[in-house]
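My request is simple: use the sequences and hints to build the entire structure.
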Amino acid sequence: MNKPTEFPYPIPEFAAEYYWEACNRGEFPMQRCTACARYRWMPGALCPYCDSADLEWTPLSGRGTVSTWTVVTHAVHPAAVARVPYIIAEVELEEQPGLRVISNLVKIDPEEITIGLPVEVEFREHSSGQKLPVFKPRR
Amino acid sequence: MIRTIRDQACIVGVGHTEYSSDSGRSEMKLACEAIRAAMDDAGLGPEDIDGIAKYTMDNNDPVLIAKNLRLPRLNFAAEVSYGGGGGPVGTVLLAAMAVATGQAQAVAAFRAMNERSGRGTPRYGQGSTEPGAGGVQSYHAPYGLFSPAQMVALAAHRHMHLYGTESIHFGEIAVACRHHANHNPDATMYGCPMSLDDHQSSRMISTPLHLFDCCLESDGGAAVIVTTPERARDLRQRPVTIAAGGMGIGAWNDRSVLKNVDAPETESTVIARHVFEDAGIGHDDIDVLFLYDHFTPLVLMALEEYGFCRRGEGKDFVTGGRLQWPDGELPLNTSGGNLSEGYLHGMQNNIEAVRQLRGQSRCQVEGAEYAFVASGNAVPTTAMILRRDG
Chain A
1 MNKPTEFPYP IPEFAAEYYW EACNRGEFPM QRCTACARYR WMPGALCPYC DSADLEWTPL
61 SGRGTVSTWT VVTHAVHPAA VARVPYIIAE VELEEQPGLR VISNLVKIDP EEITIGLPVE
121 VEFREHSSGQ KLPVFKPRR
Chain B
1 MIRTIRDQAC IVGVGHTEYS SDSGRSEMKL ACEAIRAAMD DAGLGPEDID GIAKYTMDNN
61 DPVLIAKNLR LPRLNFAAEV SYGGGGGPVG TVLLAAMAVA TGQAQAVAAF RAMNERSGRG
121 TPRYGQGSTE PGAGGVQSYH APYGLFSPAQ MVALAAHRHM HLYGTESIHF GEIAVACRHH
181 ANHNPDATMY GCPMSLDDHQ SSRMISTPLH LFDCCLESDG GAAVIVTTPE RARDLRQRPV
241 TIAAGGMGIG AWNDRSVLKN VDAPETESTV IARHVFEDAG IGHDDIDVLF LYDHFTPLVL
301 MALEEYGFCR RGEGKDFVTG GRLQWPDGEL PLNTSGGNLS EGYLHGMQNN IEAVRQLRGQ
361 SRCQVEGAEY AFVASGNAVP TTAMILRRDG
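As given, the protein sequences belong to chains A and B, one line each in that order. When you number the first sequence by our numbering, it's gap-free, plus one each residue, and the end is 139. When you number the second sequence by our numbering, it's gap-free, plus one each residue, and the end is 390.
These are calculated hints, taken from the structure and not from any lab test. Keep in mind that a hint or two might mislead.
Unchecked claim - Have a look at the derived ranges for each label pair, beta carbon to beta carbon:
#1 A:24 - B:102: 44 to 50 Å
#2 B:64 - A:138: 56 to 62 Å
#3 A:73 - B:75: 47 to 53 Å
#4 A:107 - B:67: 31 to 37 Å
#5 B:236 - A:82: 20 to 26 Å
#6 A:107 - B:264: 33 to 39 Å
#7 B:283 - A:98: 44 to 50 Å
#8 B:118 - A:24: 44 to 50 Å
Said to hold, decoys possible - Covered by chain B, according to a simulated footprint, are these stretches of chain A (three or more residues, beta-carbon under 8 Å):
#9 26-36
#10 67-79
#11 99-106
Stated by the list, open to error - Listing some non-contacts, in silico: residues in chain A with all C-beta distances to chain B over 10 Å:
#12 4
#13 45
#14 54
#15 57
#16 62
#17 90
#18 109
#19 110
#20 120
#21 122
#22 128
#23 129
#24 136
#25 137
#26 138
Only a predicted model underlies this, so the values are computations on that prediction, with no experimental measurement involved. All C-beta atoms in this analysis are idealised placements derived from N, C-alpha and C, irrespective of residue type, glycine included.
Below, the structure is given as structure tokens:
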């Protein structure tokens, strides 16, 4: 078997097909409850804050802050060998406290990262053609 | 009304194979060797064992175990959710519930795998090389988030930010486990002492996790036998009673092992709400501690979440040798744990807890009466309090 040269592409879950298609258009949406107006991540069937099942895809600003991060230095995937060190971060989005998403931090030196660092979304194209939201510092 | 599992089941036998990097035999053979060793330890034969409790992630079919060990009938077979890390205590509690309700007379709880050699079980620290990732991994694998170590690294940085915890505090846990392993000739790291400096200079895996913050990978098998208190009285070893136990699961983590450090309630705090009260004791009554040591930061968080110290005070609690036998007041994982004895998904910690309460440990805590044993923090988990009888 050929060793993959890139990290896996996302196979959209049923609830997330809209999300990945929106990313390909350069949008960054999340499901928002029409009853209590709160966002949920990851995509799912019901609002975890109230009893509503009425969730509506809503664009976010793409701005947030780093809530935690790690610099991966040990490759555990064939494609990681050429990528290390790379930065995985959890970003808290400005729309809602605790609304956090896993992504990569780009265009930054690891020494510059602090928790609370302002970041904004941009899109990186996977070789599959899927665009992935990643985050860069807000300057 | 009986509300808890208190005093309704005992661990009467323990057994394990060697812990190695390549066992040279099948996972089924490892499972059968470990279970048979535990049966021999208890003084029980094939006709006495009528139940099997397994980890979800274990490949060994109870039907084939029964065939290989010539168990004439099984009244009970079950597996614990999220075992994995939830398995070591979870399998014992399944066994305890089975014997307490009369569903079985004596149940073997086991874990056997060739995880290091990869002969039967994939190495859990390696990313899948499938071209696409589905389910929860579809949100993580495209970013290169694959391994438990990377997920725990995220939680560790968050804890450091919130509470001022430092890498050296994680190191205290690694050093305590290594210290104990150096008294245990069965331990993989026997003869390999480690200082805090060694921990700090070990190579970085995923910041802030060093190599020595991460558990071993092992081939091997480990098992315990659980039966009723009545039956336990007549067997070969001094019984060890399950004084309390419970399972804790929450919706607060997006993914098993990917821990939400900010959550006020965690899988471990759910259990801590009742388990000490159920056993009729306090934290100060615990003589020896077994916390599932997949990664040192989660051991520190487990100390906090089970209430041995307050949230955020783990850094002070672990400092000064408190976790090291013989002088520390609360020795941790006294055979070396997943970090330094062998990685059998924590089943070895059950075995060592039993040895402590029988007075058979190589790092014997004088007069040990109560042991606290927990499965993995950050996964849907299980914990129990064990008591010496007689």
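Hints, one by one, checked against the model:
no.	hint	in the structure
1	A:24 - B:102: 44 to 50 Å	59 Å, violated
2	B:64 - A:138: 56 to 62 Å	58 Å, holds
3	A:73 - B:75: 47 to 53 Å	51 Å, holds
4	A:107 - B:67: 31 to 37 Å	60 Å, violated
5	B:236 - A:82: 20 to 26 Å	57 Å, violated
6	A:107 - B:264: 33 to 39 Å	35 Å, holds
7	B:283 - A:98: 44 to 50 Å	30 Å, violated
8	B:118 - A:24: 44 to 50 Å	37 Å, violated
9	26-36	violated (count 0)
10	67-79	holds (count 12)
11	99-106	holds (count 4)
12	4	5 Å, violated
13	45	13 Å, holds
14	54	20 Å, holds
15	57	16 Å, holds
16	62	16 Å, holds
17	90	6 Å, violated
18	109	13 Å, holds
19	110	8 Å, violated
20	120	17 Å, holds
21	122	14 Å, holds
22	128	8 Å, violated
23	129	12 Å, holds
24	136	14 Å, holds
25	137	17 Å, holds
26	138	19 Å, holds
Checked against the numbered hints given earlier, this structure breaks hints 1, 4, 5, 7, 8, 9, 12, 17, 19 and 22; the rest are met.
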